[in-house]
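Trainee: Residue numbering for the sequence shown follows our numbering, starting at 4 and increasing by one per position.
FYI, nobody ran anything at the bench for these hints, they're computed from the structure. Each statement offered as a hint is correct.
The following label-pair restraints were derived from C-beta to C-beta distances:
1) 154 x 308: 41 to 47 Å
2) 188 x 259: 30 to 36 Å
3) 132 x 308: 30 to 36 Å
4) 49 x 312: 15 to 21 Å
5) 52 x 209: 36 to 42 Å
6) 185 x 307: 35 to 41 Å
7) 258 x 186: 37 to 43 Å
8) 186 x 267: 34 to 40 Å
9) 165 x 331: 49 to 55 Å
10) 135 x 258: 27 to 33 Å
Positions of the beta carbon are idealized from the N, C-alpha and C atoms, including for glycine.
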Amino acid sequence: MRRTTPRISATLTRANCCPKERNPRTGAERHVARLAILYEHPEWFRPLFDALARAGIPFEQWRADSLAFGLDETDLPDLVFNRMSASATWRGHAHAQFAVRELLAVLEARRVAVVNGAPAYELEISKVRQMELFRRAGARVPRTGVANCPKQLMQAARGLAFPVMVKPNCGGAGAGVRRFDSPAQLEAAAGEAEFGCDNVALVQEHIPSRDGACYRIEILDGQVLYCLKVQRDGAGYNLCPADACASASKPVFTRCEPLPEAETIALNAARLGRIDLCGVEYIIDHRTGEPVFYDLNVLSNFVANAREVVGFDPHERLVEYLGRRLHALGRAL
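My request is simple: use the sequences and hints to build the entire structure.
Mentor: As structure tokens, this is what we get:
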């Protein structure tokens, strides 16, 4: 069911590239829309691949860390599912970030349907843009400064209340996130800060959270799949819910109901950002009781042991969504 495609091409026409199937009852022919999965992490997507195979949906695998694509070929799939993560940088695949950006722009120009396409991906790889999106969606966000070199971190932190968090603009899985409790501490360690693949870092006021917990709302196709309460032990900032993200922080995930205002903001953010699938994270400021939004995961990893934690397998619903998209595209061909 899986086809690995070593070459990705793009073109203005899709003539003669669409397979057909015959209705066994009527004998009528119908185009079958083709699906490709664009991804980088070697482990995260096995549950998705298995769910697609169980559903009988063939797909091509496009490895983002080893791409080649032409601008003048004719053989493109009808639907591409972008599963590229900002955390690829920390696995030695920063080069994939930029190649994927160009590929998504080409696909958009060729009018290929993409799940989490170019606009969504620009948000995945930029926490600065995430903060602006949250503001547009009506959210409160931490006060934030931005710098592109260590010597400007103090300027970026000017006027912020300490403690502050310094994090790479293009990050993921909590990599490179550090807390500084005073201006003196930040100044002394500025040269050690992680700036990531785009050499941009954020300085954000630390928001004390109620019970030390954060909340993650998973959204698919404009609807909430589930919400998790994430309790961490303070050992790190990797709050990824997937098995493959296991880290020393050992966060505990339990299903919960999001605050109504937080749910509204999360759905607004997904809509405004043109995001089909995402995880939106917020904390509750223990001083005010308000939700404060701080992270958007366009590559959203579903929680491990989902049936135990949330009561169903979200991969099945994701595959149903992809099947609907493919069916609609097949009818339009």
